Amino acid sequence: MSGFWIMLTGALVAACCGILGCFLILRRMALVGDAISHSVLPGIVIAFLVSGSRDSFFMLFGAAIIGFLTVFLIQMFQQSGVQSDASIGVVFTSLFAAGVLLVSLNAQHVDLDLDCVLYGEIAYVQWNSLTIGGVDLGPKAVWLLGITLFIIVALITLFYKQFKLCAFDPALAAAIGIPVALFHYVLMGLVSMATVSSFESVGAILVVGLLIVPPATAYLLTDRLGTMIGLSLVIGVISSVAGYYVAAALDASIAGCMVCVAGVLFVLAFLFSPSHGFVVRKLRQRVSTAREAY
Amino acid sequence: MLNLFTDPNLQWILLGSILLGISTGVIGTFAYLRKQSLIGDTLAHAALPGICIAFMLTEVKSVGLFMIGAIVAGMIATVGISWITRFSRIKQDAAMGIVLSVFFGLGIVLLTQIQHSSYGNQSGLDKFLFGQAASMTSKDVYTMTSVAIVLIVVCALLFKEFKLISFDPGYARGLGFSVATLEQLLLWLVTIAVVVGIQAVGVVLVAALLITPAVSARYWTDRLGVMTVLSGLFGALSGAIGTWVSAGTAQLPTGPLSVLTATAVFVGSVLFGPRRGVIAKLLRRSSAKREWAAENAKQAGARVNASAKERGVSA
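Protein chains in written order, with numbering that gives the first Met the number 0: chain B, 0 to 293; chain G, 0 to 314.
Hints may contain errors.
As the list claims (entries may be wrong) - Simulated restraints, written as ranges between beta carbons of each label pair: (1) G:T180 / B:Y184: 38 to 44 Å; (2) B:A174 / G:F158: 41 to 47 Å; (3) G:V149 / B:F56: 49 to 55 Å; (4) B:Q78 / G:S286: 20 to 26 Å; (5) G:T248 / B:S50: 24 to 30 Å; (6) B:A174 / G:G63: 57 to 63 Å; (7) G:I75 / B:Y184: 34 to 40 Å; (8) G:R88 / B:A174: 47 to 53 Å.
Simulated from the structure, these hints should not be mistaken for laboratory data. Quick caveat: nothing in here was measured; it's all calculated off a predicted structure. We put the beta carbon where it would ideally sit given N, CA and C, even for glycine.
Just need the whole structure built from these sequences, with the hints factored in.
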């Protein structure tokens, strides 16, 4: 049963990240997930200091607030003329540094296992289960991720056209009256939500990996956004299921194996994609030069 | 705080932080201009499998070996990023993200292998990853000095070439430079700076040392030479102030303090930078508004005069 819950959690994370990652890649902000997953540290520490408990609700709340703050600051600096990559980098490193300082200032009160907070372990998912009225309803993480996924799917399907246009041509979107800034914030808010609700249970690295690698793989396989999202979902789910079995066989970190499987799938697509693959393009080049020579 | 000038151990740490700040600041300028600011973060994470493999092969916890492993892994990572961007339509940011997460994932798998097998405790590996500036010894400072000198000399010698590929790679190619080789060389220099930095401030914060001074410097000048020097200076200043403050208090680590100092410099630059700064922009806007109002008033006055004259003539 534990295997099932782990794979289900992994697949839910993969679904949340796979959908949002497609838009991030198109907007060239792939590393926002990485930034958020690091910058939430001060939020977690402050929530812990204020509430004095290690209850995950307070931590999630603190993390979510700082996650939105991160997104807001990145956008603010970008609008004042800082390059987007640099703006992401400055914001998340400063917040992380503030978090580390807070931890070391309160070292005697904070009994936080940083490794565990930042690099949560997916293998423990099934032990943290939600019970209402004495009925075991399954792992908390599954519920949390399920709700997140539901919100993401609902918002993206409702405003699919708007999100699509904002991703490909923000100028045109603005010209025909779509509130581009609002949709940007909604997208980033969703990314922040997905990151925060996954990292505690599965670890930051899995979120970052699944946010970028499966969508990038899908991007090499198709030219249509709808297909890309579907493929990205499938690739993400395959990575988490296959990753679990690889981890079980090697007795290694589950999250690490899931990301590695996604990486292998990416390399395969990079080499052998029928439309954009390295091998296919080289072959096509050779054929065309041969034809020219002929 | 006075003990900074008397305690030889602290002096070593101070010197190390300053040298690290200078070299990452200088290298970071080029990374920033080439829109690769997050390369530091990527390479710092990508170092993990290199460190693990170095440990698995030798079974010795030696900082020198870890650094070699990290540098080799970082170099492979840079090659990976270059290949992905050159041979597919994936953009730089996504390529960096892919390399970051896959390498780090691999590193975690290797780390669990080390934990589960007979290699024993991996606490030394953790320490290397999270950085301990306070435990820097004279030997580490020697390494940093030589690395800093090598980085600065290479940047000075290849300044023109790096400038060209930062601003106009197409033109550089037209002039007959091997742009791919130069780009790779620049990335390798970044790798070396990052790996040395990891040891002092840790994986996440080393990214800040590359980005923040360079972005701050950009606010003060439009010339690359000045920007490089300024960025190095800001880096050195952050390192020095970070060390100074952390020496004064017992439990504050140097790395985060240096990063926060750099952030303070950045915020100052965003506010007060000439021409690009927020305040300069506001002033310019208000003076433009005033000028425009004055011009309008003058024109209105002239129009009134002219119409009055016209009327006077016609009357």
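These are the hints, each one checked on the structure:
1. G:T180 / B:Y184: 38 to 44 Å: Because 42 Å falls inside the window, the suggested range holds.
2. B:A174 / G:F158: 41 to 47 Å: 43 Å, holds
3. G:V149 / B:F56: 49 to 55 Å: 51 Å, holds
4. B:Q78 / G:S286: 20 to 26 Å: Given a distance of about 22 Å, which is inside 20 to 26 Å, the answer is holds.
5. G:T248 / B:S50: 24 to 30 Å: 26 Å, holds
6. B:A174 / G:G63: 57 to 63 Å: 58 Å Cβ-Cβ, so the 57 to 63 Å window holds.
7. G:I75 / B:Y184: 34 to 40 Å: At 38 Å between Cβs, range holds.
8. G:R88 / B:A174: 47 to 53 Å: At roughly 26 Å between Cβ atoms, A174 of chain B and R88 of chain G fall outside 47 to 53 Å, so the hint is violated.
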